[in-house]
Every structure is written in C-alpha cells, then in structure tokens.
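Student: Residue numbers (our numbering), protein chains in the order written: chain A, 1 to 115; chain B, 116 to 230.
Calculated directly from the structure, the hints in this document are not laboratory data. Mixed in with the good hints, there may be bad ones.
[Said to hold, decoys possible] Just some of the chain B residues that point at chain A, by a computed CB distance under 8 Å: (1) Tyr154; (2) Pro155; (3) Arg157; (4) Ile166; (5) Ser175; (6) Tyr176; (7) Gly177; (8) Phe178; (9) Phe182; (10) Lys184; (11) Tyr216; (12) Leu218; (13) Phe220; (14) Gly223; (15) Leu227; (16) Arg229.
All residues carry an ideal CB built from backbone N, CA and C; glycine is no exception.
The primary structure of each chain is shown beneath.
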Amino acid sequence: GAGVSQSPSNKVTEKGKDVELRCDPISGHTALYWYRQSLGQGLEFLIYFQGNSAPDKSGLPSDRFSAERTGGSVSTLTIQRTQQEDSAVYLCASSLGQVGYNEQFFGPGTRLTVL
Amino acid sequence: AQSVAQPEDQVNVAEGNPLTVKCTYSVSGNPYLFWYVQYPNRGLQFLLKYITGDNLVKGSYGFEAEFNKSQTSFHLKKPSALVSDSALYFCAVRDMVDSSYKLIFGSGTRLLVRP
C-alpha cells in the first residue's frame with residue numbers, strides 16, 4: 001500500500017518568506033509526527049498529533065512554526081518569515097493508534113533551503 | 116530527560132565480517148527502543164524494536180539488536196555485513212512514562228561496508 005507522502009520534495013525560498021510543507025500519512029494511522037533533520041545532525045522532534053487530542057507542540061523551535069492536521073489526515077507545517085537556520089530536511093511520520101511502541105513510518109522528506 | 120547516544124560517527128567493516136553499531140540511552144522509566152536506517156536521499160526505514168520480553172530482537176535484512184538494561188544499551192548487530200548495508204543508522208528511544216509518543220533520536224552512525 002501507499003506509504004507516507006510529502007510535498008514538495010524540495011523547496012527553495014528567500015529569507016523572510018513563508019513556506020508550507022504537506023504530509024499525507026498512511027491511511028488509518030491516527031498518529032502523525034513532524035521531525036527536522038539538519039545537516040550532520042540527528043532528528044529533532046517538532047510536533048505530534050493523535051486523533052482529536054490537542055497536539056504536542058513542545059518541539060516547535062519558535063512561534064514562527066505552526067502545524068495543522070485537518071480531518072485527522074493531511075497535515076501542513078507552516079514556517080513564517082523563514083530564516084537561514086530553518087534550512088533542513090523536514091520529515092513526517094505516522095503510526096497506528098495510541099500505543100507508544102508502534103513503529104513510525106517516515107515519508108521521504110521535504111528539503112528546505114532558505115537563501 | 117530522555118537521551119540517546121551513538122558514540123561512533125562512522126563504522127567501517129569489510130563485507131562478510133560481523134558489524135556492531137552502538138547505542139546507549141537514558142530514560143526515567145522503561146524504554147521502547149528502535150533502530151532505523153536511512154539510505155541516501157530517502158526517508159527513514161524501520162529495522163526493529165524492543166518493547167519487552169527477549170533481550171535479543173530480530174529485525175529486517177538480517178539485523179538484530181540486544182537490549183541490555185544494566186548497561187542501558189541497545190546495540191545493533193549483523194553476523195555478516197553486505198556492501199548494500201552501507202547507510203546511516205539511527206537509534207531512537209521512547210520513555211514509557213512519557214505521555215508524548217515522540218521518539219528521541221541519536222545523532223546517527225554512518226556504516227561503510229567495503230567490498
């Protein structure tokens with residue numbers, strides 16, 4: 001079946017512009033996560049959605065970052081007034097249910113470059 | 116605070132030899148532990164996980180990992196390495212007492228298997 005998809009695969013933007021990154025999780029997965037992978041670094045948690053519960057936003061690095069999940073499926077990560085330090089690969093993942101040991105399935109990522 | 120350490124930035128082995136990629140963790144409760152692999156320009160792929168039970172966990176592509184509670188380690192192993200195993204490997208942990216289901220990732224270890 002279809003895996004997690006993300007769009008665009010690459011995004012180049014100018015400093016100060018807003019960007020939107022999209023994630024389509026695996027059908028039936030109620031949990032959705034956003035992570036950021038900077039060059040030479042591990043993965044940094046950003047935000048977590050589970051069903052209709054309030055999201056865990058504890059990993060968002062600043063108030064320029066926000067995310068929505070509409071209808072319990074598609075999610076959009078928005079970065080306002082982008083800065084050069086926002087350049088990274090943004091990875092989305094989804095998993096089954098409200099169980100912490102379910103593995104997360106990752107999308108291919110969106111590579112964001114801020115000039 | 117939860118944390119994961121992968122002490123080796125890179126591991127070099129010859130094809131056919133056994134390989135070990137090290138991981139240690141720190142959590143306040145009991146851990147769920149995961150290994151993921153990332154091939155160039157691709158998202159993360161799940162390899163294996165430890166939840167409870169047998170300390171030796173078997174996963175995809177012939178990989179296995181051993182959970183050692185006293186040493187707080189979860190090293191990834193394979194009896195005979197293949198050139199195609201060359202990739203970036205990430206260890207991740209989730210603390211069972213953490214109500215958020217986010218994973219904490221290590222910084223990654225690059226595995227290079229030479230012919």
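Student: Look at each hint and say if it fits the structure.
Tutor: Cross-check of the supplied hints:
1. The criterion of a C-beta within 8 Å of any C-beta in chain A is not met by tyrosine 154 of chain B, whose closest approach is roughly 11 Å, and the hint is violated.
2. A distance limit of 8 Å between C-beta atoms decides the matter here; for proline 155 of chain B the minimum to chain A is near 12 Å, and the interface restraint is violated.
3. A hinted interface residue such as arginine 157 of chain B counts as satisfied when its beta carbon comes closer than 8 Å to some beta carbon of chain A; here the least separation is about 6 Å, so the hint holds.
4. Hint on isoleucine 166 of chain B holds. Least Cβ distance to chain A is approximately 5 Å, under the 8 Å limit.
5. For serine 175 of chain B, the interface hint is violated, the least distance from its beta-carbon to any beta-carbon of chain A being 11 Å, above 8 Å.
6. For tyrosine 176 of chain B, the interface hint is violated, the least distance from its beta-carbon to any beta-carbon of chain A being 15 Å, above 8 Å.
7. For glycine 177 of chain B, the interface hint is violated, the least distance from its beta-carbon to any beta-carbon of chain A being 18 Å, above 8 Å.
8. Interface hint status for phenylalanine 178 of chain B: violated, as the beta-carbon distance to the closest one in chain A is roughly 14 Å, over 8 Å.
9. With a cut of 8 Å, the hint placing phenylalanine 182 of chain B at the interface with chain A is violated, because the nearest CB-to-CB distance is about 13 Å.
10. With a cut of 8 Å, the hint placing lysine 184 of chain B at the interface with chain A is violated, because the nearest CB-to-CB distance is about 16 Å.
11. Because the smallest distance between the Cβ of tyrosine 216 of chain B and any Cβ of chain A comes to about 5 Å, under 8 Å, the interface hint for this residue holds.
12. For leucine 218 of chain B, the interface hint holds, the least distance from its beta-carbon to any beta-carbon of chain A being 7 Å, beneath 8 Å.
13. With a cut of 8 Å, the hint placing phenylalanine 220 of chain B at the interface with chain A holds, because the nearest CB-to-CB distance is about 4 Å.
14. The interface hint given for glycine 223 of chain B holds, since its Cβ lies 5 Å from the closest Cβ of chain A, which is under the 8 Å cut-off.
15. Below 8 Å, beta-carbon pairs count as interface contacts, and leucine 227 of chain B has none with chain A, the closest being about 16 Å; its hint is therefore violated.
16. Contact between arginine 229 of chain B and chain A, as hinted, is not supported at the beta carbon level, the nearest pair being about 22 Å apart and thus beyond 8 Å.
In the structure shown, a violation is registered for the earlier hints numbered 1, 2, 5, 6, 7, 8, 9, 10, 15, 16, in ascending order.
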